[in-house]
Each structure stands twice: as C-alpha cells, then as structure tokens.
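Visitor: Top to bottom, those sequences are chains A and B. The first sequence begins at 1 in my numbering and counts up by one. The second sequence begins at 1 in my numbering and counts up by one.
It should be emphasised that the hints constitute simulated quantities derived from the structure, not laboratory data. Take these hints with a grain of salt, some might be off.
[To be verified] Straight-line distance between alpha carbons at most 30 Å, and here's what the computed DSSO-like set of lysine-lysine pairs gives:
| no. | chain 1 | residue 1 | chain 2 | residue 2 |
| --- | --- | --- | --- | --- |
| 1 | A | Lys-348 | B | Lys-163 |
| 2 | A | Lys-376 | A | Lys-130 |
| 3 | B | Lys-163 | A | Lys-185 |
| 4 | A | Lys-376 | A | Lys-224 |
| 5 | A | Lys-51 | A | Lys-224 |
| 6 | A | Lys-224 | A | Lys-130 |
| 7 | B | Lys-46 | A | Lys-130 |
| 8 | B | Lys-143 | B | Lys-116 |
| 9 | A | Lys-339 | B | Lys-163 |
| 10 | A | Lys-309 | A | Lys-233 |
[Stated by the list, open to error] Pulled from the structure, derived: some chain B residues nowhere near chain A, Cβ distances all over 10 Å:
| no. | residue |
| --- | --- |
| 11 | Glu-49 |
| 12 | Leu-59 |
| 13 | Val-112 |
| 14 | Pro-139 |
Ideal Cβ placement from N, Cα and C applies to all residues, glycine included.
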Amino acid sequence: MHIPVEGFMYPNEVELQWSVLIVLYPFITGLVAGAFILASLERVFRVQAVKPTYRLALLTALSFLLVAPLPLQLHLGHPERSLEMYLTPHRSSAMAMFGFVYLWYLMAVLLLEIWLDYRRDIVLKSQTAKGLPRLIYRILTLGSDVLSDRSLRIDERLGYFITLIGIPSAFLLHGYVGFIFGSVKANPWWSSPLMPIVFIFSAMVSGIAAVMLLYMLSSRLRGKQIDIRCLDKIAQYLMYTFIIDFSLEMLDLLQRIYEADESFRSLDFMVHTRLWTSQVIVQILLGTVTPIALLGLTQLFSLTESIRKRIYAVAGCLTVIGIFAMRWNVVIGGQLFSKSFLGYTSYKMGFATREGLLTAIILMILPFIILWILVKILPPWTDEESTSASEAIPVHAAS
Amino acid sequence: MTPITTPCDLNHRSLARFPVSKTIALSQRLLFRRAFRTPRVRLLFKDIEHLLRLAAVMLIALVAFVVLRAAVVPKSFGQYGHYRGDAIAELAARPVAHAGHEVCEGCHTDVVDQKKLGRHAGLHCEVCHGPQARHADDPASVKPLLPDTTVICARCHEANSAKPHSFPQVASADHSGGLSCNTCHQPHRPKIEDRGKPATGAKK
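Isolated chain A (complex conformation) (with noise of 0.2 Å):
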C-alpha cells in the first residue's frame, strides 16, 4: 500500500503503527468514566433530578467497559495472552498496569455496585421468572433471597461507599489513558502533564453526553414521557464540564503557542494541513463550540421543552462526534508528523481488515447490543419500577 509522504520522515514513521481501533480505546474508556461519574451524582452528590438516569448510567458504563479491551486485543493480536498480564504482572510497564485498573474498576466497582443497586430486583425476579431468565436471576441472587429492610439499607450503605471509591477509580480509569500519552516524552503532540486532566474532562463529557442521549432514545423507543428536569439538569452539567474541558484545552494550546518550543512549526503547519478538518472544524468548532453555545442558550433563554429537547440531542450527537474526533487528533495526530519536524505522513483505513473501519464500527455497536441485553435482564427505567415495587410492597413492608 503506497503511503503518501511529505518531505522527510524516518523509516518506522511512515506507516502508522496505531490505528483506528487505538483511538476507539480511549473514546470508549471515555465514555465508561463519563457515564459511572453521572451515576454519581445522583449516589453521592444527591442530585434527584437526575436519578432516572441513575441506572442506565451504570448499565452504559459495564457495556462499553467489557469492549474497552477489544480494540487493543485487537490490534496487538493473541488475545489469549492478555491474561499473561496477570499472571506475570510486569509493574514498570504503564500499559501493563493497565490490566489492573480495568481489572479493579469492573470487578471491585461497576460489577459490585450494579448488583448491589439491582439486588432487590433479582431476588424478586428470580421468584416471578420462568425459564432460562429464572436461572440467570437465581445464579444472580447467589441463592440468597435476604431483603429484610435492614440488609436493604447495608445494601444502600455498601453501594454509597463503592461509588465514592468508584469517582476515584473512574478517573484513574481514564486520566491512566491520558497518562499513557502524557508521558510519551518523545512525543511533542502527546507529551503534556496536562494529558491526563484533559482526558478526565473529556470523558465526563463525552459521557454524560452518550447516557443523556440513550435516555432520550430509549424514552423514545419504549413510548414514555422525557423527564425534563432530569434532560435539563444532564444538560446543564454537560455544558459545565465542558467549558472546564474546553478551557483546559485551550490553555494547553496557549502554553505551546507561548511556549513555541522547536517542535512548534512542524506541529502548527500539520493542523493547518492534515488536521485541519478534523481538528479545527470538526473538533474545535462542531464538535466543542457549536454544543457549548447550543448549551448555553438553553441556560440564557426561556425556550420551550420541545426546542430544548432537539436543542439537547442536536448538542449531545455534536459533543459525542467532537469528542471522538479529539481522540483521532490525539492518537493519529500524534503520528503523523516525523519526529525530525522535517516530514508529514498520511493514515490511510483499511475497510475489512482487522484494524480496518468495519472493524471499528463493528466494536462500536457491540457496546449497544450488550446495553440491550443488560436492559432486557435488569431494565434501568424508574417509571416502570413504580408498577414492579408496588407488587413487591407486602413483601418488603412485611419486614
């Protein structure tokens, strides 16, 4: 495959050695961190407006977490060896340590955390359900069917306390993505010790921006009335932790034009080149500024709830695409230009290749496809539980 080049580059830069499935990682990692840290503000924060979202925060969160590793498993190939990470854990190695955090974030957090929240409902439904989903609950349940309101109310506790380990956690989850690139101090475009905040505020964005367009759809779909207030209240947090994400954005790419170290020309003419659309029109403008301003005029005008609803996924869908492109600017941008600042590359996707689009799309839609078969087992919708706990309220009265 014939690389167009530009000017001078060293041997191993012409072909880029990270594709499209690298800058998938960090976009779902993102979206994983974004979605747990919504969950929490209705857990710790107690913000009620946005409990109707509470669950589905948590059940997007565990869906694109357990394809989070594909795209690396992917592109480094011998998946079967990613339990080597393990077994034999190599502790100088940053990626290696990897293993670890996601380890500890889906077992000692999301998984803990949504059992706990879920527990009451399994054991109701493994008492209701037939068949194969009978069985699902009741290996669930652990064959333990306590619902005394005391172990309830340990249940309450215990979930409190793992969410407040998992806002930590969530930001380890992804500021480590931002420090993998941070640290690599051979890489002008990558190498910032503000990579890792950036990266932290970016996945806040990106994922309150991703639950609150899955409630709005799934609201859609299952026929019911959008809460509002919950909408405006996502709403407004979004646009807050976006001009905190934008700001820092901005203020590292002051300190580099101030700053304008030798690096500088080779990486301002790539972004007036080869990343002009999807850094400064796509990213910068549609991506960032476009929602930010939508946003805003949501907060400064009276509109309508209808406006506000189309004002919201019209700015979610641009926030979701801005935030990729940003991933795209970080991962390909950063392998584009020759280390010597003499020569540009270019990134050509293949289609049905293992790293190819086909396969990108295909590890972006299997997140959906687990999101729905975790609704269909433990469904997320506060406004069907009213029907449901009414059912169980002798049962839980009872005690």
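Guided by the hints, dock chain B onto chain A, whose structure is given.
Guide: For chain B alone, kept in the frame of chain A given last:
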C-alpha cells in the same frame, strides 16, 4: 407457585432449596457458635448473608487465580528478570546457524576481492546468503541455494521516501520490468560500469 409474603419466608425457602445455603449456614453456626447465641448477632449474619456469599465467591475466584498462576507460570520466571530464566540455557543449547564472514572469506577469496572494490564491501556474506554454518561444516554435501536477487535486492533498494536520497533506490517494477537484478548487476560489485573490470586493482 405460592405468593411471597415476607422476606423471612424467602430466606427459609431459599435455605431449603439450596444445600449450599445449608452448608454455609451450618459453617457460620459452627464458626460463630458463641456469637450466634446472641439474637442481634444472629440477625446481623442473616442480613449480610448475601454479602458473605459474595465474599465467598470472590475468595473462590482469588484461590482459583492463585492456583492457576502456580500451575501455568514457569518456575524459573523472574530468576534474572521479567522472563523465563530457563530460556537462556535453552537458547544457548540451540545449534549455531551462522558461520560468520571470516569463515566464508577463508575459502571464497575471489568473492572477497570483488566485494572490496564495490559498494557492498561492508556487507557480510550471510546478510544475503542466509545462515551458512551447516555449509561451512560440510561444504561438500551442503550446497547453499543462490538467493533470488529480485527479492533480496528489493529489501534494501526498493524506493521509499523515508530513505535518505543519497541511498541507491529504485521502483523495481519500473526499473527492471520483472527482470532479475543480476541480469545487469553483479551483486558482489553492483555498479554496472565496474562490471568486467579485473579485481587485481583492488585497494588493499
């Protein structure tokens, strides 16, 4: 199915249905016999039964991991560094594949004289001809195959914008049209103008 009336009923039914529950309940009683005499403690254990079960599942997973690790990680792992210590001895025991250019030059003096005059003077024999230890050990019966110049030359000389401009490189499809490189070039002394010149003028 009879309707559920109290959580207490749920517990009793589950205990009756699951022999595992009975085992856990029995072990809890044996372990905390004294403590269980107090009704409050007994109640607490009942209320956290699901958490104890969860802890048991986690413990089983942890033990399974430790057992798996002990079974699959080689004993010599970490002996010298983050790799299998035995690998060093295993690698050292493998037969030597390369003869080394000094051994080749001991017999092929005519080629050495040719090479000295050309741009390939610094290139050792086995770079193109591959490992030749077996041929060096038994030159009469082990005869090495001549490398395919169409493939071997292109490894270095195929045009690539990442290579320095001063390095000789061609787009082989345009340059030779499918002909082997040694149709025109003599690999040991590749410059065409030098072809046929005697090797006696070699600079020592």
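Visitor: Now tell me, hint by hint, if it's right for this structure.
Guide: Right, here's what the structure says about each hint:
Under the criterion of a C-alpha separation no larger than 30 Å, the hint pairing Lys-348(A) with Lys-163(B) is consistent with the structure, at around 20 Å. At roughly 14 Å between alpha-carbon atoms, Lys-376(A) and Lys-130(A) fall within 30 Å of each other, so this suggested pair holds. Simply put, Lys-163(B) and Lys-185(A) have alpha-carbon atoms about 25 Å apart, close enough for the 30 Å limit, and the pair holds. Taken as a hint, the Lys-376(A) and Lys-224(A) pair is honoured in the structure, with Cα atoms around 17 Å apart against an allowance of 30 Å.
A distance of roughly 16 Å separates the Cα atoms of Lys-51(A) and Lys-224(A); the hinted pair therefore holds under the 30 Å criterion. Between Lys-224(A) and Lys-130(A), the direct Cα distance comes to roughly 27 Å. Compliance with the 30 Å bound is thereby established for this hinted pair. Proximity of Lys-46(B) to Lys-130(A) is assessed by CA-CA distance (about 27 Å); at most 30 Å being required, the pair is judged to hold. Using a Cα cut-off of 30 Å, the hinted pair Lys-143(B) and Lys-116(B) holds, with the two alpha carbons roughly 24 Å apart.
Our distance criterion of 30 Å between C-alpha atoms is met by Lys-339(A) and Lys-163(B), whose separation comes to about 15 Å. For a cut-off of 30 Å, the pair hint linking Lys-309(A) to Lys-233(A) stands: about 12 Å separates their Cα positions. At roughly 5 Å, the least C-beta separation between Glu-49(B) and chain A is not larger than 10 Å, which violates its mark as non-interface. At roughly 13 Å from the closest C-beta of chain A, the C-beta of Leu-59(B) stays outside 10 Å, upholding its exclusion from the interface.
The Cβ of Val-112(B) sits about 30 Å from the closest Cβ of chain A, beyond the 10 Å cut-off, so the non-interface label holds. Every CB of chain A is more than 10 Å from the CB of Pro-139(B) (nearest about 37 Å), matching its label as outside the interface.
Taken one by one, the earlier hints fail for this structure only at number 11.
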